[in-house]
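Asks: Here is how the chains run, residue by residue.
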Amino acid sequence: MDPVLRADGLVKTVGSGRARRRLLDGVSLTVAADEIVAVLGRSGSGKSTLLNLLGGLDRPDAGQITLAGERMTGRGARALARVRLKHVGFVFQQFQLIEECTGLENVLLPTRLPGAPRGGTRRAARLIAELGIEQVADHLPHELSGGEQQRFALARALVNDPELVLADEPTGSLDSDNGAAVLELLRGLGGRATVIVTHEPDAAAVADRVLHLVDGRLAAAPAALTP
Amino acid sequence: MTGSGRADARRRAPPTTIAAGLRAAFGEARRGLRNRRRRALLTAAGIALATAMLSAAVVIADGLGLGFGRSAHAADLPDLIIRFDDQQLSAVSKRLRSLPDVAAYSTRLELTNVGIGAAGPGHRRNDAVAEVLVSGHRGGYAVVAGRNLRPTGNEVLVEEAFAHAWGLRPGSTLYVRGLGPERVVGLVQAPDNVGFPLAKPRFYVSGPALERRFGGRLPPRVDYAEVWLRDPRYLNETLVQARLSSFGLRDLRFATRSGIHVLLDQAAGIVIDLLVALSLIALATAGAMLAASAHAEVQRRLRTIGVQRAIGASAGFVVLGQALEAAMVALPAAAVGCAAGTLATYGPSGRLLTLLNEPAPGWALALPLLGSWLVAVTMAVAGAAWPAWRAAARPAVSLLRGADVSRRAHRRLPRLRLRVPTGLVTLGARLVLARRARLIATATTLGLSVGFVLLLLALASELSTLQTDPSALGERYQLTASLAPSEAAAVRRIPGVAAAAPRYEVQGVDVSSLGETIDTIAYPGDLTRFESPPLVAGHRPHGADEAEIGQGLAQALGLYPGQTLAIQLGTGTELRVRIAGVVSSLDHDGHVAYVPAAALLSADRSAPSTIAIILDPGADVARVSAAVDRLGVAPATASGATSNSAALVSVLRAIVRAIAIVDGLVCLYALVQACALTVQERRVTIAVLRACGAGGAAVARLLIGAVLALVIPAAIAGVLLQRWLLGPTLSNLATNYATLPLRAGAGEIALAVAGLLVAGGIAVAWVTYQAQREPVLAGLGS
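Protein chains in written order, with the numbering used here: chain A, 1 to 227; chain B, 228 to 1009.
By construction, these hints were calculated from the structure, which means they are not laboratory data.
Here a beta-carbon is modelled for each residue, glycine too, at the ideal position from N, C-alpha and C.
Every clue listed holds true.
Cβ-to-Cβ under 10 Å is the rule here; a few derived chain A residues that face chain B:
#: 1; residue: G55
#: 2; residue: Q94
#: 3; residue: P110
#: 4; residue: L113
#: 5; residue: P114
Make a model of the complete structure from these sequences and hints.
Replies: The structure is reproduced here in structure tokens:
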């Protein structure tokens, strides 16, 4: 089976002059459909940078990324936005729900973007039901608990039925119970390639594969961290 | 905070001495400007526009408000002007000397309908006014170019507005019928009269010089006296005494310096009020936007400010940096705006002042303009420093957490249970609706701007109509020909002529006061066939002794339908008519009476007339004109406003257009700034949308929603404001002798709304482009 995501030799340098630093130094990664990959690393190790490159939010200095058969490197901002719309779902640490919109409206937003796949409303209703947040769907974000907010954020990431879900510290703003529940949901996504970057070893427990980002390179995690 | 953020904060470590503090704050401001060039540009545009509006208001208000004072001072305008039928100089001098508190007096003989000519096409007239300066050393006019008259030689002074119109300057030659070629030695302004072409061309000659040239042939008679008092506070007493000693003088009329001032102020006051209101709106718009922009910027930099405070920077240092940055933008931007506003309005207002026989303000404007520049700079600096002060006053720890500057929690909008579509346009509108105070402020300022633009459009349209459309003045004829009344039948036979009739017009004065001149107009038969100014009160005349009078005359003499009007004609005979109705007429400031032709001709058989010609619909004007020409005289085309007021109308239109353009730019700025603020404050929201796959079109839709949320209420408010408040108010104030329907019509409303939408479109396009240039990650805070 073809991998959903393939990244080869990614290089990314940040800063300038003496502060110049090579965050990623030839990172290669392949993620298959229905596979969860956890990338662990210390703060500032380049985990989020890797995630941003994979999602087309940033461009690598070198290397290539192919997502769902589409080459992402060397493409313009508009093309990258189209790829994100159809193939990528993001889950952020701070949930990033829009405060004027209810939970349901937040979930529906990506379906209202020009070029979004059809059937968004139906998928939103199903996702909300699956994630158990129907009762609070018409609540505004400030009326929701952290766990509920992250579930809506997860539903928003999935509503356009992307092949790849990218989660940046998805449990970073949650207590342990809610964190565990969100990880379970990620585990149960099914059929999607998922990349989670985190510095919490617990998050790695749900992953099929755990990688460690050290000195700009990905390495297999110690056996104790692999499920 | 990131490592680079800490390094940045270390670089901005607190200075230890005042000089070092200032240096550091200045450096901080310069760095801020370099880093936020686009925002600085937008801020500069807002400041420049507000200052342009303010300085435009200053230029026009100063000219109109203080022009008379300056002119009166320069011309040494007398405290009292007395007009009367010509008398022997000795008799008049005796009466003047008997008046109390008189410091000086001068006398003149005012000759009307004097033939003049000069080099140049069409420079020949028979209606000039010659002011023969008979006695006295004070003139009541200011020489603005050249020199004053000498009591010898063939010299004249020419009124400046007339000189400009004919291209006369000191050294030019003016041919005066009866005198021959006269050398123009100076140009003058006399603020007791409006200038050419609002009034007839006026020139001054020396009485003693004429006496020397023509010997004793010219009798020393005068009909005009100027009186200067030792103490103008005793003017009333002098006036009472003057009336008492005026026995035997006919057609006596008094005018006081303060009375002339009041008359001019009534007209200028409306324009000044309008401009002050507009400039305040522009200032309020710019102020609100700049403050909101500064607040958003401070909000974005809370953590940096927190770090500065944490490492020991004083609140004053933080505020100083912000204020200096604002000042560095505001100082040149306000100067540019000041120059632009001045350039846009100085020319038209100067032309208006020349028409009013008043001098352009010149360097006297420097101080008020400097004031407006200072106001704009202060507003910008205060708007930037205030949120910085509030932020810096907070505990450093809460700043480091990025807490909101506002101590109050944001109140949220009441939840709507309606099923509102969750599209991007709706979301954009909701983002704007979430900032209710700003929404109200922006929509109000936009609404006021729309209201004023509509008012100006309606005014410009009305002025245009008055200038070009004869029917606006109630005139229904298209051509006039100086033919004898008996030729009317021949004219009627010309193909293309629907109707033709003699139009009699004579000047008369009101018998009761002998002060008000009345344009007396008559047609044989049905008057309304040829002229039908709108009826304001009463009814159309039916009987042979019934007449209509203009609203200006009705107000001046306190007349109303049912009363009798007695007009003394030039022949000395009296014409008495019953007032049937009062009409709105701009002709001769509404000092007109439409009387039956039979009544007029019985009082003055030799009343001058022209033939008024109404054309068939679609008739060839050139062909009809040629046919009339074959009868002996080339016809003239009837114009909207009389040629006298066309120049004034043209100047007013130029001023109105300049103000409308600046006001429109203020609207554009308000919309761009509102969009930019939405993007700036909601950069995370927009970044999230972009991370979800939103491209430029999606961001544009979001901003369209934001713009519509502002534009729709603003347009409604603007239209209501104009139609129900501004239009009727100005219509009532602008002229007390005619009705100007200043309610904006569908065309003007459509134009204003289209303009607002175009401004919104520009704002959306520009801000979308800017938003797309920001990396998504910057918005997400990565």
